[in-house]
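Q: Sequence:
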Amino acid sequence: MSSHDTNANGAEGPCLWSSLLPELAERIARCLHPNDVACGLRLINKASAAQFSGPQYTTIRLSQPVPHHAFAAHWLAPCATRGLTLERRQQLLYLTAASGVVANLDVALQAAGCLATYEVFHAAAATGQLRCCHWLLEHGCPTEESDVGSGLLGAAAGGGHRLVCEWLLGLGLRWASDGAVDAARGGHVGLMEWLRQRRSPLPRSGADDQSDGSEQALDKLDVVSGAAEGFDLPTLQRVVQQNGGLGSHDAGTRQDAGAVDEDEAAEAEAEGRSLVLAAAAGSPTPDWAAKVEWLEAQGCPRSARAAERAAARPDDADAAARLAWLRDRGYPLGATAVEAAAGAGNTAALHLLLGEAGVAEPPEGGHLAAF
Numbered sequence: 001m002s003s004h005d006t007n008a009n010g011a012e013g014p015c016l017w018s019s020l021l022p023e024l025a026e027r028i029a030r031c032l033h034p035n036d037v038a039c040g041l042r043l044i045n046k047a048s049a050a051q052f053s054g055p056q057y058t059t060i061r062l063s064q065p066v067p068h069h070a071f072a073a074h075w076l077a078p079c080a081t082r083g084l085t086l087e088r089r090q091q092l093l094y095l096t097a098a099s100g101v102v103a104n105l106d107v108a109l110q111a112a113g114c115l116a117t118y119e120v121f122h123a124a125a126a127t128g129q130l131r132c133c134h135w136l137l138e139h140g141c142p143t144e145e146s147d148v149g150s151g152l153l154g155a156a157a158g159g160g161h162r163l164v165c166e167w168l169l170g171l172g173l174r175w176a177s178d179g180a181v182d183a184a185r186g187g188h189v190g191l192m193e194w195l196r197q198r199r200s201p202l203p204r205s206g207a208d209d210q211s212d213g214s215e216q217a218l219d220k221l222d223v224v225s226g227a228a229e230g231f232d233l234p235t236l237q238r239v240v241q242q243n244g245g246l247g248s249h250d251a252g253t254r255q256d257a258g259a260v261d262e263d264e265a266a267e268a269e270a271e272g273r274s275l276v277l278a279a280a281a282g283s284p285t286p287d288w289a290a291k292v293e294w295l296e297a298q299g300c301p302r303s304a305r306a307a308e309r310a311a312a313r314p315d316d317a318d319a320a321a322r323l324a325w326l327r328d329r330g331y332p333l334g335a336t337a338v339e340a341a342a343g344a345g346n347t348a349a350l351h352l353l354l355g356e357a358g359v360a361e362p363p364e365g366g367h368l369a370a371f
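So the sequence shown is residues 1 to 371, counted in full-length UniProt numbering.
Calculated from the structure, these hints are not laboratory results. Virtual Cβ for every residue (Gly too), placed ideally from N, Cα, C. Heads up, some of the hints might be wrong.
Ranges of calculated distance between the beta carbons of each label pair, as one might list FRET restraints [to be verified]:
1. P332 - E23: 53 to 61 Å
2. E193 - S18: 52 to 60 Å
3. W325 - E145: 33 to 41 Å
4. C31 - C114: 32 to 40 Å
5. D106 - P78: 12 to 20 Å
6. A268 - A73: 58 to 66 Å
7. H74 - E23: 25 to 33 Å
8. T235 - R131: 28 to 36 Å
Straight-line alpha carbon distances no greater than 25 Å define the calculated DMTMM-like cross-link-like pairs of lysine to aspartate or glutamate that follow [unchecked claim]:
9. K46 - E26
10. K46 - D36
11. K46 - E23
From just these sequences and the hints, can you work out the full model?
A: Quick look at the structure:
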């Protein structure tokens, strides 16, 4: 390409971009979104295409904003989606909704030839894309997946998106959850507390004639479990204290379990506390081990659930290290941990479980042979 470009009036003039030093062009590119570089900057001339040829500049991420002109040119081209399965077409809608570009979502729906489903709305809510949520509601997108109520509030809360939560709460929908537990799991302390304050007036799916004390006990146990997963140790300790502790003296928890006698009450309580500890074992926070140790001191039992959650961590080396740590502390490593590691594709964790730890492969585990 010559060093001249055509300007807006159709006349040729000197291309300022071509005269820039490569170092300056690189600094400009770093200030732009990678999708803008891929769909715009690289197309200026051959030199730009060569300079920005790395994978970070040649891969267009549909879950991030894509310039509308480039998105429409690609997806509205004849046969653009002919080779896509229904699943891939739906994935196109989910990713575009998550990007937050309403104009692109409109194009994606035309190109995919699919209706906007609840999952599309869920993707927009989970990523905090309020404008897309508005647009989907106006265009009749379903707000509930089934009779259990809408999970949109939980999706928005899990991502820490308070503005979307506030908007959703004004719709008068039935909620599968009030969002507080989801916010806790996502590590959003302020949003969790705000949602808990608003809990009482919310229409909840599956409401029955349980006593207020029983319902509060359920809520407390769920929130503590979410806090064990998403918060650091000091915040978890504060949440546990605010919710009456985790000891066997917690009469509310026993009432909530519907126990007929003391044995059933104790069993139900231990079950709940093992779930709290398992949440800590699979927590993404750096102090997960300190949380496990503290919860042990509060009477939470060592169970196979902890190993299962650890084995499912997204990082293989981290999963294996956690399993080794749990094994050394006397935690049982069972078939459920093997299945969790296999499902996450964690080969190092699988080798530890099947080899060093001596866990037998489950009978239905034929799919593990790939590892």
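Q: Which of the stated hints cannot be reconciled with the structure, identified by number in ascending sequence?
A: The structure conflicts with no hint, since it agrees with every one listed earlier.
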